[in-house]
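The whole structure should be built from the sequences, with the hints applied where relevant.
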Amino acid sequence: MTLLGLALAYAGFLALSLAMERHHEQVLAHRRIPARRRQLLFWGGWLLLAASMLPPVAAFGWGLGLVAWTGLLTAAAMPLALLLCYAPRVALFLGAAPLPAGLLALL
Amino acid sequence: MKDGFRQSMAWLHTWTGLLVGWILFAVFLTGTAAYLRPEISHWMRPELAAARPGPQNAEVAMAAMQRLAPRSTSWFITLPDTRESAIRVFWRDPAPRDPAARGRGFRSAVLHPDSGEAVAARETQGGEFFYRFHFELHYLSVFWGRWIIVVCTMFMLMAIISGIITHRRIFADFFTFRPAKGQRSWLDGHNVAAVLALPYHLMITYSGLVIFMAMAMPWGIERAYPNDRQGFNTELFGNAAPRPRASQPVPLAPIAPMLEEAARRWQGGSPGRIAVNNPGDASATVQLTRAGHERISTSAQSLTFDGATGAVIAQSGEAGPAAQLHGVLYGLHLARFAGPALRALFLLAGLAGTVMVATGCVLWAVKQRQQAVKAGRVGFGTRLVEHLNVAAIAGLPLAMAGYFWANRLLPLDLPQRAAWEVHAFFAVWALCLLHPLFRRGRRAWVEQFAVGAVAFALLPLLNFFATDAHLVASAQAGDWLRVGFDLGLLGCGALLGAIAVKVARHAPAAARRPARGPRAAEATP
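Protein chains in written order, with my numbering: chain F, 1 to 107; chain A, 108 to 632.
Read the hints as simulated data drawn from the structure, not as lab findings. Heads up, a few of these hints could be off.
Far from chain A, by Cβ distances over 12 Å, these chain F residues were calculated [what the hints assert, rightly or not]:
id	residue
1	Arg22
2	Leu28
3	His30
4	Arg31
5	Met78
6	Ala91
7	Phe93
8	Pro100
9	Gly102
10	Leu106
Quick partial rundown of chain A residues pointing at chain F, CB under 8 Å, derived from the structure [said to hold, decoys possible]:
id	residue
11	Phe282
12	Thr283
13	Phe284
14	Arg285
15	Pro286
16	Leu303
17	Phe444
18	Ala448
19	Leu449
20	Leu452
21	Phe453
22	Leu455
For the chain F half of the interface with chain A, some residues (derived, Cβ under 7 Å), not all of them [claimed, not checked]:
id	residue
23	Ser17
24	Gly63
25	Thr70
26	Gly71
27	Ala77
28	Ala81
Predicted, not measured: the structure shown is a model, and the values here were computed from it. Backbone N, C-alpha and C fix where the C-beta goes; we use that ideal spot for every residue, glycine too.
So, in structure tokens, the structure goes:
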């Protein structure tokens, strides 16, 4: 459950960062972002961040869950900040992490 | 006006941060280590096997205390839990032989959870040392140590708030880290470590102040409870007021029915601590406090029983909102409620705080050095900060490794052995403070990080020769905690080694640009 929350938070932050020109260029080599894609990334990112709150809250209840969620946000954003400059490709591929993590949580 | 305000906040941020930065770095790093206090203690007592505490340990502990300290006026018992396999007890010594001893008339022991016998383990403070150091330092009276920490924590809170105001592009630069750009990279690193873990930094700093609120802000309490600190404590912490000794011997009532009563009132919860006052007297009280890992708040749910009859005298736990907030903040700071995954997150955030302070201190030195090079001379202040940065930031991990080495190398029968382990920690740190006098600039950084890396990486190897609780034996015995700790030490070594290599290979931006002073590149990593 923690893993799924982490993966969702990472994907959310990744989408939000891709909605910014500097990081869009780092990862996808174009500075200009089509307006619709920017909208999609921006709102999708916030949606994923909101969704990342659910697994820890479901696992630990509201009190502990929110504490864990705050920690997960930090744990997701820090590697992203480093990957964006050192390994932007990896940063992009890790964005798919919610899929395997979700499957693992279902098992 | 807005610019003026930002400027003054930047000034405030710089100076509040720099003045106490070195202490804050030590507080953050040792405090982060304190999240692993039971694990460190277990590792530092290689004689202890991984015992599986049975359900009877409260009875075992009470019987042991009857034997150990029948005449004491108070016992404090910490029961084993998932992380700590031994019973820890301390009690007020009825006739202290050495009143000057640290501990002020208290004696302590570590007991086996099944037999109640004192475990035969080397004398050490274990993880307790890092925990104590991070809020009361050492070689100082508890009073001064705590005051210094409280003042530094207030500076920290000011630095965080003024830092948020100073940071113009908090969202635009949210994920931005630009390496190999000199001062810019240090600023980016400082921002990333600060902003991405900001909830943690605010929580840990503010809750640290709340823990010492009676010291730092006593006026409210004194107004509401004039000359009655005991009354305040009774209402806030649910501690029953002490009953005067009746001097009438009555044996303690059995603990088992009290445990059942506690489990009933706490919906199956179990006690983590037992405090007994005046045991063996008609006035005896037994206070059960609910285990810390069952809830966030430390505003401890407790039950107080009459020690002679076993009847419930007082129950706390229905605290008012302010007391509940106090308990939650206290609990968040200690993070005893956290399971392994959550504890890993706290560790990560604690390390982020450590990096934030370290990069802040280095950033100041880098900026000053650049200005000094432009002006043509490097002042004493810049040199002093650079020197202290090395000793505080690279020296502390090395000193911590020295503490672990001393634990394995000091003879087992050395008098005051636990104290000597701590002396070893400070001796290594003192050497780190002298070392930059002889090796200037980047060399000092690289050497201290490299020696720290080697010292950590060799610890599992030292374990092979110095103890029977080495990696292979622990794995065979199924003591995964020890195995994990040894691997963690290797990880610390690898991390410090990576930093050393990075610093050694780094060519500062100023050096790559021509027409700069010859010493521009020397002092900063």
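Status of each hint after checking the structure:
Against the 12 Å criterion, Arg22 of chain F falls within the reach of chain A, whose nearest CB is about 7 Å from its own CB. The non-interface label for Leu28 of chain F is consistent with chain A: the shortest C-beta to C-beta separation is roughly 15 Å, beyond 12 Å. Taking the minimum C-beta to C-beta distance to chain A, about 18 Å, the non-interface status of His30 of chain F holds against the 12 Å cut. Annotated as non-interface, Arg31 of chain F keeps its C-beta farther than 12 Å from every C-beta of chain A; the closest such distance is 15 Å.
Listed as a non-interface residue, Met78 of chain F fails to keep its Cβ farther than 12 Å from every Cβ of chain A; the least gap is roughly 5 Å. Not every C-beta of chain A lies more than 12 Å from that of Ala91 of chain F, the closest at about 10 Å, which undercuts listing it as non-interface. Distance check on Phe93 of chain F: its Cβ is at least 17 Å (rounded) from any Cβ of chain A, clearing the 12 Å threshold; non-interface status holds. With a cut of 12 Å on Cβ distances, Pro100 of chain F stays outside the contact zone with chain A, its closest approach being about 18 Å.
Gly102 of chain F, annotated as away from the interface, keeps every beta carbon of chain A farther than 12 Å; the closest lies near 17 Å. Non-interface status of Leu106 of chain F relative to chain A is upheld: no Cβ of that chain comes within 12 Å, the nearest being about 19 Å off. The interface hint given for Phe282 of chain A holds, since its Cβ lies 5 Å from the closest Cβ of chain F, which is under the 8 Å cut-off. For Thr283 of chain A, the shortest C-beta to C-beta distance to chain F is roughly 7 Å, which falls under 8 Å, so the interface hint holds.
About 5 Å separates the beta-carbon of Phe284 of chain A from the nearest beta-carbon of chain F, less than 8 Å, and the hint is met. Satisfaction of the interface hint for Arg285 of chain A is found here, the shortest Cβ-Cβ separation to chain F being roughly 7 Å, below the 8 Å cut-off. At a threshold of 8 Å, the smallest CB-CB gap from Pro286 of chain A to chain F is about 6 Å, leaving the interface hint in force. A least Cβ separation of about 4 Å between Leu303 of chain A and chain F falls short of the 8 Å threshold, and the interface hint therefore holds.
The restraint placing Phe444 of chain A at the interface with chain F holds, with a minimum CB-CB distance near 7 Å, inside the 8 Å limit. With 8 Å as the threshold, the beta carbon of Ala448 of chain A comes within range of chain F, its nearest partner Cβ sitting at about 5 Å, so the hint holds. This hint holds: Leu449 of chain A has a C-beta 5 Å from the nearest C-beta of chain F, less than the 8 Å allowed. Hint status for Leu452 of chain A: holds, given a least beta-carbon distance of 3 Å to chain F, under 8 Å.
Against a cut-off of 8 Å between C-beta atoms, the interface hint on Phe453 of chain A holds, since the closest Cβ of chain F lies about 7 Å away. Restraint check, Leu455 of chain A versus chain F: the minimum CB separation of about 6 Å is within 8 Å; hint holds. The beta carbon of Ser17 of chain F comes within 5 Å of a beta carbon in chain A, closer than 7 Å, and the hint placing it at the interface holds. Given hint, Gly63 of chain F at the interface with chain A, holds; its Cβ is 5 Å from that chain's nearest Cβ, closer than 7 Å.
Taking 7 Å as the C-beta contact cut-off toward chain A, the hint placing Thr70 of chain F at the interface holds, the least distance being around 5 Å. With a cut of 7 Å, the hint placing Gly71 of chain F at the interface with chain A holds, because the nearest CB-to-CB distance is about 3 Å. With its C-beta approaching chain A no nearer than about 4 Å, Ala77 of chain F sits inside the 7 Å limit, and its interface hint holds. At about 5 Å, the closest approach between the beta carbon of Ala81 of chain F and any beta carbon in chain A falls short of 7 Å, and the interface hint on this residue holds.
Checked against the numbered hints above, the structure violates hints 1, 5, 6; every other hint is satisfied.
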